[in-house]
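Asker: Can you build the whole structure from these sequences, using the hints too?
Residues per chain, in single letters:
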Amino acid sequence: MQTWTLDNIARLVGGTVRGDGQYVVDGLATLKSATSTDISFLANALYRAALSTTHAGAVLIRPEDAEDYQGIAVLVANPYAAYAQLTHHFDRTPKPNAGRHPQAVVSNLAIVDATASIGACAVIEDNAVIGAGTIIEAGAFIGARVLIGKHCRIRANAVIHHDCIVGDRVTIHSGAIIGDDGFGFVPHHGRWHKIAQIGCVVLHNDVDIGCNTTIDRGALDDTIIYEGVVIDNQVHIAHNVIVGAHTAIAGCCGIAGSTKLGAHCMLAGGVGLAGHLEICDKVQITGMTMITKSITKSGSYSSGTAFDTTENWRKTAVRLKKLDDMAKRLRELEKLVQQLPLATPNESEYDG
Amino acid sequence: MQTWTLDNIARLVGGTVRGDGQYVVDGLATLKSATSTDISFLANALYRAALSTTHAGAVLIRPEDAEDYQGIAVLVANPYAAYAQLTHHFDRTPKPNAGRHPQAVVSNLAIVDATASIGACAVIEDNAVIGAGTIIEAGAFIGARVLIGKHCRIRANAVIHHDCIVGDRVTIHSGAIIGDDGFGFVPHHGRWHKIAQIGCVVLHNDVDIGCNTTIDRGALDDTIIYEGVVIDNQVHIAHNVIVGAHTAIAGCCGIAGSTKLGAHCMLAGGVGLAGHLEICDKVQITGMTMITKSITKSGSYSSGTAFDTTENWRKTAVRLKKLDDMAKRLRELEKLVQQLPLATPNESEYDG
Amino acid sequence: MQTWTLDNIARLVGGTVRGDGQYVVDGLATLKSATSTDISFLANALYRAALSTTHAGAVLIRPEDAEDYQGIAVLVANPYAAYAQLTHHFDRTPKPNAGRHPQAVVSNLAIVDATASIGACAVIEDNAVIGAGTIIEAGAFIGARVLIGKHCRIRANAVIHHDCIVGDRVTIHSGAIIGDDGFGFVPHHGRWHKIAQIGCVVLHNDVDIGCNTTIDRGALDDTIIYEGVVIDNQVHIAHNVIVGAHTAIAGCCGIAGSTKLGAHCMLAGGVGLAGHLEICDKVQITGMTMITKSITKSGSYSSGTAFDTTENWRKTAVRLKKLDDMAKRLRELEKLVQQLPLATPNESEYDG
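Residue numbers (the numbering used here), protein chains in the order written: chain V, 838 to 1189; chain D, 838 to 1189; chain E, 838 to 1189.
FYI, nobody ran anything at the bench for these hints, they're computed from the structure.
Please read all numbers here as calculations on a predicted model, not as lab measurements.
There could be a bad hint or two in this list.
It does not matter which identical chain is used: a pair holds within one copy or between any two.
Below, in silico cross-link-like pairs of lysine to any residue (SDA-like), each with a Cα-Cα straight-line distance of 20 Å or less [what the hints assert, rightly or not]:
1. Lys1152 x Ala935
2. Lys1159 x Glu1171
3. Lys1152 x Thr890
4. Lys1031 x Asn915
5. Lys932 x Asp950
6. Lys1158 x Thr1146
7. Lys1165 x Gln922
Answerer: In structure tokens, the structure reads:
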């Protein structure tokens, strides 16, 4: 187990120690869970109450928040960024040595950098290229002619099919499938005839693809995920989708074929995008929303329905089916009331 | 093929045979599909009509339901429980022998109980511990320092990443990914910077995790699934979620980060829970509902929208966007009508 | 890289060349992306404008659309079908040789046709049968007694559990899990007791199953996918579901247990079907719709909610919870207005 003095931590995050800089910690934890050998952090005023009860050995904290706190503090302007930075030093994710596991299966025609690491039962097909420092974990499959850049991590049992291109510092989490066929069939006499999918998938630098997410290869052109995009688990990205740089997509979203999503967008969980749309940059979409038309103006969009008790919701659901009828009846009533000889002007006219 | 006398079946399920106790069956089937060598069951009055046409050799049945039935019966108080019990005796899921397949890849530093079974191309990393009677099927990946208890079954191509903890009698179905990274990034100058996920996943005893379900490791604290929880396929459970004991989660649900779901809850398919919520015990959530606020009272909750013909639904959808306007117009009309000199009192006042 | 003369392409698709039939192409591309060594196609009038700017060496085109086009044309009645046909000739998906990779793990009790191909780290269990020309890619798992027909392709890291039956020309894409257990538990004293799932999965001829899709084995009877069904990625099909021939199911759909879906149906993305329903033939269901009742009439059905700006949608959402109240108030108002001595007849009566 690695240990750190608070002086060393302060140096790392650009802070200053208030108290014993030689105090030693070996873990990073929440205020609630921390013990005396952990360092914790206060980033959100909502958790300030936890300061008085925490058992943390030290706390990363803004100077202005530290007055109430009696323990050892590492004063820092942005405790959340400092915490994020420190996580990498307390991370226990195995860092395998360079080289090939004896039970890795690497084609003689593949070109694997000497500093790359290939795990047990990983399979690397003909003419694939694996860059420096890249880790291919156990059971992963790298298809023919796939190009993978430097310092990537392809996690256990992930799959990248033939001819796909992966930039540098890309992470593909376990069970993700990159570059299998898009869902392309042409109907003929009541049967579906497959259209071979001859495009590929291009993942630019610094992309992060979640577990069991699927990104299909393009029908003709490629499916493209631009730089810095982060995608959570269980997301479905269909053929020829384009995702703009630095967009974030939360779990369980689905994006249908040929839709072009802009840069710096944020999709919450369970969002669905229909095919052949264009969504401009800086669009936020809230949870479980269905997008059926292109969006040309940045901003936030929604259609997820808020819950109610099932008893109340059933009443709403019954009425919802009659909404068109209700709207017509309302209109009739308005006309009728307007015709009444004694009707006064509609007050809403005064509202502006 | 194994065969059973009805006497033996009756003994097993605590019932009594009405008819030939030496009659032999070799299968368990529905009333509709059963042949003369099968035993079937009547658990639900809805299927009573099938009794008169079934070809089953015998039927598990309540004494009070057996009067109409002429065939051999195994009388039992709870035929459904008896059926459930019998399924395990007719189950043909392979039961591999203890020991390691020659093509299993097991670290010399792993501790594998002599009664455990490790399949071909399964990979077990350093310092993992595999308990007695546990089966690791082909292609599964068990990361470094993972602890797995007794009599678990980790099915083909499932993944458990480093440092996760799995109790006894846990089943993890194929393609499920336990303990890959949570979706944690901090934005900085328009880019996403990864926060290393240094918690793990803890699965308590008797948990059952469906195919291709993903359960992410915690950011700092652990993601915890308590005893007896059953989770169906394609479910996404984000970092630091806590699921209370004996809760059931149907397919395609998604639970966002840090949400705490109570014990004995039931989520139907396609439900989405936003992050940082607390859902109390004994909450039922119906299909495709979106939960965006904490729930403090047990009961049933919904927001899934009932379907209609597309033609009708389109009319509803158009009106839905104008619902706020409709509500305002209704309010105006009410005011206007109240002002009419000849208006009679609103009848609803009499409704109580 | 393979090259084609336009004469050869015309012969293949049943068209005629207008221009130089000896012109050579080596790729197939969209009008927008094509270069002078590609052939492209015009199938949809929407893309006609691209004809004037394309750099394609030749274009598959209807005679009546070719008048405006100056380049070399392959005249054909149905350019889209011609394109679909050609894709298979430009497809670079590896076609592995017959035989077993040295690191494949094949039971001595399995029966593998000599023309089948078994990839590295694929695992084939006892008594499985693999038909002629079938390709089992790397890392795939084929359980005991599974029967797989001819010319199937089971892609990298897909799983088929014991006793399942797969017809001819079936493709199962990467990460798909066929025949793991259905989600069957019986509650008893607050705990869930597993019901062993003793049915299997039957995939008829020409079925195509997408990446990370899961199809559970039946509880007693089988889960059945009939001929020609195509299923996209991340779909969840529960135990004992039956899907009728030539039905297409888009990504992220979920079908709960024992539901019977008809033939020639089309489900758009994210659709959910409750359990124990019967959906007749030729039903279309639009995106993110929830189906909770059986459907007996072919046609199109919907409940997916169109999006709005979050600001507007919030107003709608608030009103939606009060919809039952609004409906009651509208009814009251109608009664009240009808009682007014001077009220004129409701105009809607004249509407018929």
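Asker: Each of the hints needs a verdict: does it hold here or not?
Answerer: Each hint tested on the structure:
{"no.": "1", "hint": "Lys1152 x Ala935", "result": "neither (63 Å within a copy, 57 Å between copies)"}
{"no.": "2", "hint": "Lys1159 x Glu1171", "result": "both (18 Å within a copy, 16 Å between copies)"}
{"no.": "3", "hint": "Lys1152 x Thr890", "result": "neither (47 Å within a copy, 41 Å between copies)"}
{"no.": "4", "hint": "Lys1031 x Asn915", "result": "between (54 Å within a copy, 16 Å between copies)"}
{"no.": "5", "hint": "Lys932 x Asp950", "result": "within (16 Å within a copy, 26 Å between copies)"}
{"no.": "6", "hint": "Lys1158 x Thr1146", "result": "both (19 Å within a copy, 10 Å between copies)"}
{"no.": "7", "hint": "Lys1165 x Gln922", "result": "neither (59 Å within a copy, 51 Å between copies)"}
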